[in-house]
Amino acid sequence: MEYDIVIIGAGPAGLGAAVEAYEKGVRNILIIERDSYPGGILQQCIHNGFGLIEFKEELSGPEYAERFIEKVRKYGINMMLNTMVLNISSDKIVKAVNQENGVMEIKAKAIILAMGCRERPRGAISIPGTRPAGIFTAGTAQRYVNMEGYMPGKEIVILGSGDIGLIMARRFTLEGATVKAVVELMPYSSGLTRNIVQCLDDFGIPLLLSHTVIEIRGKERVEGVTIAQVDENKKPILSTAKYISCDTLILSVGLIPENELSKSAGIMLDPVTGGPLVNESMETNVEGIFACGNVLQVHDLVDNVTKEARLAADSAVKYINKMLIKEGRHIDVKAGSGIRYVVPQMVNYENIDDKVKFHMRPTDVYKNAYITVKSGDKQIIRKKMQRLTPGEMILIDVPKDKFLSDDLSPVGEITFEVEVV
Amino acid sequence: MYDVIIIGGGVVGSSIARELSKYDIKVLLIEKEDDVASGGASKANSAILHAGYDPVPGTLKAKLNVRGNEMFDELCKDLDVPMKRVGSLVAAFSQDEVESLYKLYDRGLKNGVKNISIISADMVKEIEPNINDTIVAALYAKTAGIICPYGFVIALAENAAQNGVEFVFNQEVISIDKEDDVFTVKTQDKEYFGKYIVNAAGLYADVINNMVNDKRFSIHPRKGEYLILDKEEGYLANTVIFQVPTKMGKGILVSPTVDGNLLIGPTSEDIYNKEFRKTTYKGLEKAIKGAKKSVEKFNERKTITQFTGVRAVPDVDGEDFIIGESDVKGFINVAGIESPGFTSSPAIAEMVGEILKDAGLNMVEKDNFNPKRKPVIRFNELTDEERNELIKKNPAYGKIICRCETVTEGEIIDAIRRPVGAKSIDGVKRRVRAGMGRCQGGFCSPRVLEILSRELNADPLNVTKFGGRSNVLTAKAKEYLINSYKELLKSGV
Ligand SMILES: Cc1cc2nc3c(=O)[nH]c(=O)nc-3n(C[C@H](O)[C@H](O)[C@H](O)COP(=O)(O)OP(=O)(O)OC[C@H]3O[C@@H](n4cnc5c(N)ncnc54)[C@H](O)[C@@H]3O)c2cc1C
Ligand SMILES: Cc1cc2nc3c(=O)[nH]c(=O)nc-3n(C[C@H](O)[C@H](O)[C@H](O)COP(=O)(O)OP(=O)(O)OC[C@H]3O[C@@H](n4cnc5c(N)ncnc54)[C@H](O)[C@@H]3O)c2cc1C
Numbered sequence: 001m002e003y004d005i006v007i008i009g010a011g012p013a014g015l016g017a018a019v020e021a022y023e024k025g026v027r028n029i030l031i032i033e034r035d036s037y038p039g040g041i042l043q044q045c046i047h048n049g050f051g052l053i054e055f056k057e058e059l060s061g062p063e064y065a066e067r068f069i070e071k072v073r074k075y076g077i078n079m080m081l082n083t084m085v086l087n088i089s090s091d092k093i094v095k096a097v098n099q100e101n102g103v104m105e106i107k108a109k110a111i112i113l114a115m116g117c118r119e120r121p122r123g124a125i126s127i128p129g130t131r132p133a134g135i136f137t138a139g140t141a142q143r144y145v146n147m148e149g150y151m152p153g154k155e156i157v158i159l160g161s162g163d164i165g166l167i168m169a170r171r172f173t174l175e176g177a178t179v180k181a182v183v184e185l186m187p188y189s190s191g192l193t194r195n196i197v198q199c200l201d202d203f204g205i206p207l208l209l210s211h212t213v214i215e216i217r218g219k220e221r222v223e224g225v226t227i228a229q230v231d232e233n234k235k236p237i238l239s240t241a242k243y244i245s246c247d248t249l250i251l252s253v254g255l256i257p258e259n260e261l262s263k264s265a266g267i268m269l270d271p272v273t274g275g276p277l278v279n280e281s282m283e284t285n286v287e288g289i290f291a292c293g294n295v296l297q298v299h300d301l302v303d304n305v306t307k308e309a310r311l312a313a314d315s316a317v318k319y320i321n322k323m324l325i326k327e328g329r330h331i332d333v334k335a336g337s338g339i340r341y342v343v344p345q346m347v348n349y350e351n352i353d354d355k356v357k358f359h360m361r362p363t364d365v366y367k368n369a370y371i372t373v374k375s376g377d378k379q380i381i382r383k384k385m386q387r388l389t390p391g392e393m394i395l396i397d398v399p400k401d402k403f404l405s406d407d408l409s410p411v412g413e414i415t416f417e418v419e420v421v
Numbered sequence: 001m002y003d004v005i006i007i008g009g010g011v012v013g014s015s016i017a018r019e020l021s022k023y024d025i026k027v028l029l030i031e032k033e034d035d036v037a038s039g040g041a042s043k044a045n046s047a048i049l050h051a052g053y054d055p056v057p058g059t060l061k062a063k064l065n066v067r068g069n070e071m072f073d074e075l076c077k078d079l080d081v082p083m084k085r086v087g088s089l090v091a092a093f094s095q096d097e098v099e100s101l102y103k104l105y106d107r108g109l110k111n112g113v114k115n116i117s118i119i120s121a122d123m124v125k126e127i128e129p130n131i132n133d134t135i136v137a138a139l140y141a142k143t144a145g146i147i148c149p150y151g152f153v154i155a156l157a158e159n160a161a162q163n164g165v166e167f168v169f170n171q172e173v174i175s176i177d178k179e180d181d182v183f184t185v186k187t188q189d190k191e192y193f194g195k196y197i198v199n200a201a202g203l204y205a206d207v208i209n210n211m212v213n214d215k216r217f218s219i220h221p222r223k224g225e226y227l228i229l230d231k232e233e234g235y236l237a238n239t240v241i242f243q244v245p246t247k248m249g250k251g252i253l254v255s256p257t258v259d260g261n262l263l264i265g266p267t268s269e270d271i272y273n274k275e276f277r278k279t280t281y282k283g284l285e286k287a288i289k290g291a292k293k294s295v296e297k298f299n300e301r302k303t304i305t306q307f308t309g310v311r312a313v314p315d316v317d318g319e320d321f322i323i324g325e326s327d328v329k330g331f332i333n334v335a336g337i338e339s340p341g342f343t344s345s346p347a348i349a350e351m352v353g354e355i356l357k358d359a360g361l362n363m364v365e366k367d368n369f370n371p372k373r374k375p376v377i378r379f380n381e382l383t384d385e386e387r388n389e390l391i392k393k394n395p396a397y398g399k400i401i402c403r404c405e406t407v408t409e410g411e412i413i414d415a416i417r418r419p420v421g422a423k424s425i426d427g428v429k430r431r432v433r434a435g436m437g438r439c440q441g442g443f444c445s446p447r448v449l450e451i452l453s454r455e456l457n458a459d460p461l462n463v464t465k466f467g468g469r470s471n472v473l474t475a476k477a478k479e480y481l482i483n484s485y486k487e488l489l490k491s492g493v
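The listed protein sequences derive, respectively, from chains A and B.
1 is the number of the first residue of the first sequence in full-length UniProt numbering; add one for each residue after it.
1 is the number of the first residue of the second sequence in full-length UniProt numbering; add one for each residue after it.
Bear in mind the hints are in silico, worked out from the structure with no lab data behind them.
Predicted, not measured: the structure shown is a model, and the values here were computed from it.
There could be a bad hint or two in this list.
[Said to hold, decoys possible] Cut-off 25 Å, straight-line C-alpha distance, at most; resulting in silico cross-link-like pairs (DSS-like, lysine-lysine):
id : chain 1 : residue 1 : chain 2 : residue 2
1  : A       : K263      : B       : K231
2  : A       : K400      : A       : K374
3  : A       : K235      : B       : K282
Use the sequences and the hints to build the structure in full.
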């Protein structure tokens with residue numbers, strides 16, 4: 001089997017990339033998805049709030065996905081469902097398996113990685129205690145409630161205030177369960193402000209900042225958890241320990257891009273994002289392999305995933321048409337003070353159309369701050385921000401001419417910083 | 001009426017079951033949990049096949065350890081269980097500690113341990129490049145190995161069942177009576193009759209003994225906490241790295257697991273309640289600190305899970321295993337089986353066979369005993385050609401359920417349908433590793449639950465994590481709402 005473009009994952013990133021590549025004229029496209037239905041994580045997100053930017057409408061997750069699935073169907077793009085990619089090689093051979101075809105090798109001119117992300121489990125945060133039933137990640141609980149029609153518990157404590165945790169707090173409440181508290185280690189929530197208001201405040205669910213769970217109790221089923229306040233070093237202050245009885249603990253403690261496959265192809269990962277290092281074209285260090293969506297960096301809005309997917313697909317199309325320039329002048333992108341990471345991590349000046357969109361997250365909560373972009377000592381952009389929080393991704397466009405120094409040659413590196421006034 | 005009733009389905013009970021399945025006798029094993037290797041020490045331990053230089057010469061521990069260790073090659077081959085003779089090091093980080101190495105070395109010689117030697121720091125470094133530079137010397141024992149502990153117990157049980165031993169689960173023995181040479185063993189909802197009883201109840205062997213024997217003993221729990229690190233950290237140890245032992249045990253070790261993870265632990269702490277099997281901040285910190293004494297480089301933030309094992313320490317003199325017929329004829333204790341109990345288990349089983357024979361049980365060998373357990377297919381370990389052939393025969397092997405460990409639906413169905421099959425999420429996990437990877441079941445557990453419910457013909461609400469009341473789900477969606485409306489209506493609002 002041979003394809004021009006093979007896309008791994010049929011979430012919004014993979015679907016968006018397929019539609020874009022088709023519209024840019026490529027016909028020989030294959031999407032591989034391990035699930036029995038396309039749509040990715042959106043299939044279990046039955047709340048609304050998707051598509052405000054893309055469609056100027058408030059859609060549910062499945063509705064948002066459906067708009068792309070319809071197009072994929074209409075265009076007749078090949079999609080292999082129930083098929084799991086086992087590994088990919090640096091010369092772009094994709095090994096996948098399903099029940100009908102067994103193990104197959106598929107050759108691709110270009111690959112787009114769109115595998116999404118997974119949730120961090122309990123072990124990763126090492127909560128001591130017993131190991132009973134009743135501990136779930138928020139996404140697993142969401143799948144049970146929204147797709148399988150079962151409740152994982154009745155009296156619930158949620159650890160972590162990421163968006164999925166917040167949304168599940170509301171969902172559980174609407175299902176007649178009681179959410180006793182949302183416990184957050186950091187002094188701020190890692191979820192979107194609108195979700196804190198709509199999912200917690202509106203239902204009177206307490207959010208305990210700078211708190212954590214220090215022990216899980218219960219032999220067969222969770223019977224309760226002990227929580228405590230933490231100090232500046234995030235160490236629990238034992239004198240503040242408090243027991244909460246509950247039958248379920250939900251973990252919403254972060255997502256990790258799903259890059260086992262990328263590693264098999266020799267793709268270099270950013271230790272901060274957990275996703276591949278990419279350039280302005282969303283191309284990884286392995287030529288012809290591109291990445292977009294949550295596999296690249298964890299997004300909070302699906303609309304941004306779609307945008308990124310279009311860019312990755314555009315670049316893949318250019319790549320197979322030999323229009324992507326490999327040589328040329330490279331600009332390093334750096335995260336300066338107050339910024340945790342920036343994607344893309346490098347820019348090839350020759351490939352910029354008119355601007356580059358940078359995604360980043362601040363390290364902390366800042367009010368009335370500026371995002372500044374510097375090249376050397378020279379400030380090239382300064383943008384006023386109302387409020388910065390690690391829970392909300394920042395997008396900054398840098399126009400092509402800003403990458404030029406006084407002598408009109410491209411700069412060597414640019415740095416993003418938070419400037420507090 | 002059974003010839004022998006074994007109480008307890010840990011490694012000891014299961015080894016004995018398998019040993020007795022060689023003979024033409026009727027054997028029953030009763031276990032209070034929903035699976036073998038699920039309730040006790042056999043699930044949660046260091047998973048080391050000890051070479052045999054630790055126990056005091058002349059003790060049962062010494063004899064059975066060395067004999068047991070030797071038996072594992074053939075057993076693991078017959079039973080299709082992964083085991084690796086990686087060797088062990090007892091690392092000395094000061095001159096004082098070197099003294100202790102010589103003591104252990106002497107013991108090893110007296111106990112008949114083969115292939116042991118004391119090696120220099122340079123040689124240690126060659127074997128273990130990541131051991132701390134302060135290393136002075138080490139006792140190197142080539143016969144030490146690592147094994148999948150629950151995997152071994154499950155395999156023993158399957159093979160025993162295949163050869164005719166009966167198993168009952170979820171039945172806790174609550175009383176034993178003897179009348180006219182017949183024991184009546186009562187559980188919460190049934191009665192079983194047997195001529196001989198083998199008490200292999202681990203931490204609760206005292207309770208079982210004290211149900212029939214005037215000569216009582218008691219067993220104290222001593223807890224050990226562990227961390228398991230991601231496979232990325234697995235490269236840090238090639239052998240089992242012990243430290244010089246103290247009164248409380250063999251100290252904290254750093255070891256590879258058969259699956260390529262890194263294991264760290266155990267701590268050692270006397271506890272007062274046998275059920276206090278929890279990890280604690282303090283304990284885990286201690287384990288990490290202790291392990292850093294041997295290998296500094298590991299990153300504890302790469303922990304994927306943590307667990308606790310509880311040792312069964314008997315209160316009798318001599319610090320040895322308690323194995324033998326008690327004052328009550330036909331009642332055989334196999335109690336106080338602390339480390340190296342796992343390693344010793346096949347030898348313990350042989351010994352129990354002898355004891356039963358001496359006690360008058362007529363043991364005629366079967367002519368159709370099959371020592372081999374049907375191999376388990378592990379998709380992950382096959383070549384692509386083998387995979388394709390398999391999928392053609394059974395398409396369920398073409399569907400990946402656990403993505404971290406690449407486990408297929410075919411393997412999960414096999415785990416459920418085998419003799420002594422899996423009945424819960426953890427049962428599946430222990431048999432095929434679904435849910436043991438870095439996402440710890442976040443992705444596959446709903447799918448495993450679905451397969452279990454289908455295969456066992458059970459309502460999803462009744463599927464458990466590990467039996468008992470460990471149900472995963474608590475209600476159908478909307479049930480709580482409907483119930484609360486009903487309440488409201490009743491109260492006339
Ligand atoms: C629970 C949750 C709630 C959210 N809520 C909102 C919201 O309210 N509003 C909003 O705008 N955004 C929301 N988001 C964000 C947005 O939906 C996600 O960022 C977006 O779905 C990510 O898309 P993706 O295609 O990158 O990943 P995914 O949707 O995760 O898709 C990845 C796909 O790849 C497949 N795959 C992975 N590995 C393989 C393999 N080896 N072989 C074959 N297939 C593979 C997976 O099965 C999956 O279908 C939410 C996200 C989550 C997780
Ligand atoms: C922390 C730790 C580390 C260890 N490391 C090693 C090692 O590296 N190498 C080694 O060789 N050994 C090691 N050991 C020792 C080894 O694990 C034990 O010796 C061995 O597992 C004991 O097996 P068992 O079958 O006697 O007990 P268990 O595995 O505890 O089995 C007893 C069974 O009896 C059942 N039971 C109890 N009461 C009843 C009842 N009333 N009715 C029905 N069933 C009942 C229990 O549910 C349980 O399944 C270690 C032990 C611990 C705790």
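So, going through the hints one by one against the coordinates:
At roughly 14 Å between alpha-carbon atoms, K263/A and K231/B fall within 25 Å of each other, so this suggested pair holds. A threshold of 25 Å between alpha carbons decides the hint, and for K400/A with K374/A the separation of about 14 Å falls inside it, so the pair holds. In summary, the hint linking K235/A to K282/B is supported, as the alpha carbons are separated by about 13 Å, within the 25 Å threshold.
In this structure, none of the earlier numbered hints is contradicted; all agree with it.
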